[in-house]
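Single-letter residue listing:
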Amino acid sequence: MTGSPVALACRGLTKRYGRVAALRSVDLTVPAGECVALFGRNGAGKTTMLQIIGSLIGSYEGSAEIFGHRVKRGETEHRRHVGLVLHDTCLYMDLSVLENLRFFGRLYGVQDYEARARELLVQFDLESRGHSIARELSRGMKQRLALARALVHGPRLLLLDEPYTGLDEPSSQALSSMLERFVREGGTVLMSTHDVERAFDSATRAVILDQGVITFDQPTKGLDAATFRHAYWNVLFTGRARSGSGAAPARAEG
Amino acid sequence: MLRTANVILWKDLRIEMRTRDAIGAALVFSLLTLVIFNFALNANTPELRRLASGFFWVAFAFSGTLSLARSFALEKESGAGRALVFAPVDAAGVYLGKFLANAFFLLVTQVVVLPAFIIFFDASIVADRWWALVASFLLGSIGFGAVGTLFSAIASNTRMRELMLPLLFLPVTVPALIAAVETTSFALGASDTAGFWFRLLIVYDVVFVTVSLLIFEYALEE
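Just so you know, the sequences run in chain order X and F.
FYI, the numbering used here numbers position 197 of the first sequence as 197, with every residue one higher than the one before it.
FYI, the numbering used here numbers position 24 of the second sequence as 24, with every residue one higher than the one before it.
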């Protein structure tokens, strides 16, 4: 893992909304090929962190780099390497499934966007709904389409904000399989989630963010989901991991 | 920039063809306003016929606001606009695409409302001044579209977006509105010259398209 190039490097990320600090000097380095699951209670700073990395938030302290490209408002180079799935599906509800994929393919300058769109339809089991209007899809199908949209330009890093929310069991399984395949093929994932079991299907590393600070950071290999859930619940209900008792400590960078 | 603009334009035209939200709302509102003016003011008098172009553009200004409000509302729905902002494209390209789509919708509204306007106000276009009417509609749509696209993007990020767009947009379009009324009056034979007003419309369009292209990046910030 140490030989892998760094996909994402955050240093001293700090973001305040008025007097409230959403992130407090967060350092996180993610080597290429890792799937990092970011846990934390509501308001812990997970979405803020993803939005800063996704350059959707302009004013913050610290720095973030994606494959060596500085994340900065107005800079576009780092965005070519990133696929982003937010809590909203970020789809045009009045375009069809195929039209959404074609649109984003063309926007990202994908050479053969038509072939890429059809390839993704097959990959995400949406072939039969290619001409359906996005508004008419079920929540699970919209989520699959949102993921297909995020992958249309072949990104190397996926940022996912609670991707399992609202998905039924088969759709969740399909999402986990897709993430495993993406990572196996060299991709990197950073996802926020509350679903421990589901995240452990594909995550190679678990991170807990609490009140804007990373309080837990361990590889999932050798880490039992039940044990982790216990540590996570301590954070959720008592904040014990933050105080250093009961949960594994945050690990060093990388 | 042109590639991005082309992609955005295609997307907006496709959505409008499917929903007819922008043009449909503007058409209904325009026609309704002209009907009310017609009956309330007994417009078939020579004096009011001289003012007919004013009624046309007032109806258009308000209905156009509805159409422009829709422009960024569809980017807000389901957060699609955030995916747009995140894409590695320059904001000027996004602006150009949205502006061209909006100007086209405004122009279509004008062209469709024109026959009703002619009937309601017993208006007639001077035989050798068709070009003036075409230029007036075209330049007016470009001016309204240029400013409206910018302010629609700004208003869409505010809490009271429905209220903010007309508050921001209408005062800035007053010079274009006056110039468009005068050039249309010329086409309808209600005035003899309109050279100054055409020049004003052209300058207005050039200035606002240029400024909007330069500052649109900031308008997209949430």
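In short, the hints are calculated from the structure, not lab data.
Check the hints yourself; a few may be wrong.
Said to hold, decoys possible - Derived contacts from chain F toward chain X, CB cut-off under 10 Å, selection only:
hint	residue
1	I15
2	D21
3	I23
4	A40
5	N44
6	L48
7	F86
8	D90
9	A123
10	R159
11	R161
12	E162
13	P166
Glycine is no exception: its CB is placed at the ideal position from the N, C-alpha and C atoms.
Hints versus structure:
no.: 1; hint: I15; verdict: holds, 5 Å
no.: 2; hint: D21; verdict: holds, 8 Å
no.: 3; hint: I23; verdict: violated, 14 Å
no.: 4; hint: A40; verdict: violated, 37 Å
no.: 5; hint: N44; verdict: violated, 42 Å
no.: 6; hint: L48; verdict: violated, 41 Å
no.: 7; hint: F86; verdict: holds, 5 Å
no.: 8; hint: D90; verdict: holds, 7 Å
no.: 9; hint: A123; verdict: violated, 36 Å
no.: 10; hint: R159; verdict: violated, 16 Å
no.: 11; hint: R161; verdict: violated, 17 Å
no.: 12; hint: E162; verdict: violated, 20 Å
no.: 13; hint: P166; verdict: violated, 24 Å
Hint check: violations occur at hints 3, 4, 5, 6, 9, 10, 11, 12, 13; the rest are consistent with the structure.
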